[in-house]
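**Student:** Line order of the protein sequences matches chains D and B.
Under the numbering used here, think of the first position of the first sequence as 316, with each following residue one higher.
Under the numbering used here, think of the first position of the second sequence as 3, with each following residue one higher.
It is possible that some hints are incorrect.
[To be verified] Here are the simulated DSBU-like cross-link-like pairs (lysine-lysine), alpha carbons at most 35 Å apart as the crow flies:
(1) D/K317 / B/K292
(2) D/K340 / D/K363
(3) D/K376 / D/K317
(4) B/K401 / D/K376
(5) B/K292 / D/K347
(6) D/K347 / B/K162
(7) D/K347 / B/K71
(8) B/K19 / D/K340
(9) B/K401 / B/K80
(10) B/K92 / D/K376
(11) D/K376 / B/K292
(12) B/K80 / D/K453
(13) B/K49 / D/K347
(14) D/K491 / B/K19
(15) B/K92 / B/K49
(16) D/K317 / B/K74
(17) D/K340 / B/K168
(18) D/K363 / B/K162
(19) D/K477 / B/K71
(20) B/K110 / D/K317
(21) D/K477 / B/K292
Source of the hints: derived by calculation from the structure; they are not laboratory data.
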Amino acid sequence: MKTFGGPAILLDRNDINTDEIIPAKYLTEITKISLKPHLLEDLLLNDKPFDSHSTKMEEAKVVITRANFGCGSSREHAVWAFEVNDINVVIAESFARIFRQNMFNCGILAIQLSSDDIDAFFTMSGDISISVDMDNEKVTALSTDSSQNTVECSFLLNEYDKNLVSAGGWLAYAEKNY
Amino acid sequence: MGQTIAQKIFSSHLRDKPTPENMVLDLDAVLCHEITTPIAIMDLVEKGMDRVFDPSKIKAVIDHVTPAKDSKTAAQGKIMRDWATRHAIKDFFDVGANGVCHALFPEKGFIRPGYTVIMGDSHTCTHGAFGAFAAGVGTTDLEVGILKGVCTFRTPVSMKVTITGKLQTGVVAKDVILAIIKKLTVNGATDRVIEFTGPLVDSMNMSSRMTLCNMAVEAGATSGICLPDRTTAEYLWPFIKAEYTTIDDAVKDFSKWHSDTDAEYIEVIEMDISDLSPQVTYGYKPDHVKDIADMEGTPVDQIYIGSCTNGRIEDLRESAAILNGKKLAAGVRGIVTPATPLIYSQALEEGIIKIFMDAGFCVLNPTCGACLGMSSGVLAENEVCASTTNRNFNGRMGKGGMVHLMSPASAAAAAITGSITDPRKHLQ
Ligand code: SF4
């Protein structure tokens with residue numbers, strides 16, 4: 316099974332939609348890797364364009380964000396755009412159904428936490444790094460600055476979603492079971 | 003305890019229940035278009051799994067960018083075309099016979115009450131208008147659907163939206179659904195099925211019900227659904243008459259899917275729409291909705307009439323009633339795309355195409371076109387479009403563009419004045 320975690324990038328906004336994650340004009344691409352440079356390129360945070368090519372973004376393995384992440388279109392390209400950028404965990408207050416389902420179908424993690432837990436991540440000092448303990452359903456965030464603060468939160472993963480992750484996704488799971 | 007229509011459909015299609023919260027369903031229809039399907043096909047080919055579970059249950063169309071605009075979209079079309087030939091998928095619709103998926107497939111009679119339907123497209127919820135469970139999915143779900151004919155969903159949770167009252171002249175289904183989304187917000191129905199009921203829904207034709215269900219996903223819903231009744235049976239009659247002796251029989255049979263009176267809902271909302279005025283979006287989210295009076299006078303550069311929300315013949319008639327004998331305001335571009343070839347030819351016969359052309363509109367072939375900003379009317383930075391589509395996300399119709407969602411009548415009124423206008427002032 317994959318291991319999950321690493322440096323996190325924080326996207327402080329509700330309702331980030333799939334058009335912002337990967338604009339429709341790239342839907343003519345027929346390979347996943349070609350989506351790589353375009354992840355989040357149309358995102359606005361505080362009404363300002365987000366720098367989708369910063370070093371922090373390049374290093375990120377985890378996204379932390381607010382409510383209703385991934386709303387809008389069904390395009391799995393949104394999930395692939397994260398995957399090809401080595402981001403295999405999205406932590407949010409809530410997800411749009413199709414996006415969440417697409418994440419688990421690809422064998423990667425969409426973790427839902429309470430708004431208080433998410434707030435705690437957003438108020439940590441410096442950059443943060445995330446580790447995910449799948450067996451014990453725990454996420455730990457570590458401030459990488461001198462404070463070395465940590466915040467630990469529990470999450471719930473449905474047994475079926477867990478099985479999709481261990482199988483490496485829905486196609487492999489379905490091939491085995493149906 | 004009684005069951006909702008969604009629960010009845012789920013239990014009748016249950017293949018497996020891996021956990022109490024997840025149900026694996028057998029599928030009656032797997033719908034495909036050229037944006038999300040080619041990657042699924044290529045992945046199956048690459049994995050040596052290039053099979054289809056049942057070619058008669060797969061329906062495919064090229065609709066988003068058609069005819070192809072460049073080599074990449076041509077390649078997407080070709081992958082679909084070759085795949086359809088290879089697997090003898092009979093219901094494949096290509097240039098000349100193609101149209102917007104969620105308008106075309108119902109028109110062909112492919113969607114029936116009680117069906118389970120998936121497509122790699124979020125507006126698949128449109129087909130719930132027929133009393134089917136129809137949901138948008140990603141490419142992996144589509145891939146498994148193609149290969150095995152199954153899909154997993156969470157055990158359904160339904161909310162009921164009961165719509166009462168009588169619509170004022172010039173106010174239509176699009177205004178109703180915009181008002182509902184405003185009330186629910188963009189994630190007010192996440193992980194739920196919205197059951198649209200009440201006297202207003204009962205009195206709606208299939209086109210209006212499709213407009214309602216089409217935008218259920220804009221409130222986050224897994225699907226919208228209407229109870230199948232006489233209107234449904236009459237619409238489907240040409241396709242089902244071999245199965246039933248009379249329409250009454252069909253109506254009676256369809257009623258087996260109706261939610262039981264003691265079915266449980268997580269939430270019940272009642273809306274009286276008697277005072278509803280035309281609605282329009284003002285921002286980048288579909289719940290950014292205002293009364294048209296509050297947006298009156300906002301200048302627009304382009305009018306776009308079409309899409310799976312409002313590209314049907316009823317919608318075109320509604321626009322044409324306002325455009326008849328009028329011209330586009332100076333400096334405003336008008337684009338209309340009848341959603342299917344059948345709608346196009348009906349509009350020709352009824353003189354509607356001529357009304358649009360005389361007004362100065364560009365009449366496109368059936369396609370999604372500018373709805374998702376891929377072709378046929380993409381906006382330039384800072385341009386504004388009055389649109390009958392369903393999504394106003396930032397960049398949706400072109401980077402830096404603004405889309406105001408509204409009814410076909412409101413879009414036509416904006417066309418002749420050049421700014422957002424209450425269509426009731428221009429009803430002839
Ligand atoms: S018309 Fe627009 S919303 Fe409908 S299927 Fe096409 S792109 Fe999607």
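**Student:** For each hint, tell me whether it holds in the structure or not.
**Tutor:** Results for each hint:
About 47 Å separates the Cα atoms of D/K317 and B/K292, which puts this hinted pair outside 35 Å; it is violated. A hinted pair counts as satisfied when its Cα atoms are at most 35 Å apart, and D/K340 with D/K363 qualifies at roughly 21 Å. Proximity of D/K376 to D/K317 is assessed by CA-CA distance (about 13 Å); at most 35 Å being required, the pair is judged to hold. Annotation: proposed proximity of B/K401 to D/K376 holds, straight-line Cα distance about 27 Å (limit 35 Å).
The straight-line distance between the Cα atoms of B/K292 and D/K347 is roughly 39 Å, outside the 35 Å bound, and the hint therefore fails. Proximity of D/K347 to B/K162 is assessed by CA-CA distance (about 39 Å); at most 35 Å being required, the pair is judged violated. Among the hinted pairs, D/K347 with B/K71 is consistent with the structure: their alpha-carbon atoms are about 21 Å apart, no more than 35 Å. Of the supplied pair hints, the one linking B/K19 and D/K340 is violated, its CA atoms being roughly 38 Å apart against a limit of 35 Å.
Simply put, B/K401 and B/K80 have alpha-carbon atoms about 28 Å apart, close enough for the 35 Å limit, and the pair holds. Restraint check for B/K92 and D/K376: the C-alpha separation of about 44 Å exceeds 35 Å, so the hint is violated. Pair hint D/K376 plus B/K292 does not hold up; C-alpha atoms about 40 Å apart against a cutoff of 35 Å. Straight-line distance between C-alpha atoms of B/K80 and D/K453 comes to about 46 Å, which puts the hinted pair past the 35 Å bound.
This hinted pair checks out: B/K49 and D/K347 have alpha carbons roughly 15 Å apart, not beyond 35 Å. The straight-line distance between the Cα atoms of D/K491 and B/K19 is roughly 15 Å, inside the 35 Å bound, and the hint therefore holds. Under the criterion of a C-alpha separation no larger than 35 Å, the hint pairing B/K92 with B/K49 is consistent with the structure, at around 25 Å. Straight-line distance between C-alpha atoms of D/K317 and B/K74 comes to about 33 Å, which keeps the hinted pair within the 35 Å bound.
Between D/K340 and B/K168 the alpha-carbon distance is near 41 Å, which puts this suggested pair outside the 35 Å criterion. Between D/K363 and B/K162 the alpha-carbon distance is near 38 Å, which puts this suggested pair outside the 35 Å criterion. Between D/K477 and B/K71 the CA atoms are separated by roughly 42 Å; this puts the pair beyond 35 Å, and the hint is violated. Our distance criterion of 35 Å between C-alpha atoms is broken by B/K110 and D/K317, whose separation comes to about 45 Å.
For a cut-off of 35 Å, the pair hint linking D/K477 to B/K292 is broken: about 42 Å separates their Cα positions.
In summary, the structure is inconsistent with hints 1, 5, 6, 8, 10, 11, 12, 17, 18, 19, 20 and 21 from the numbered list given earlier, while agreeing with the others.
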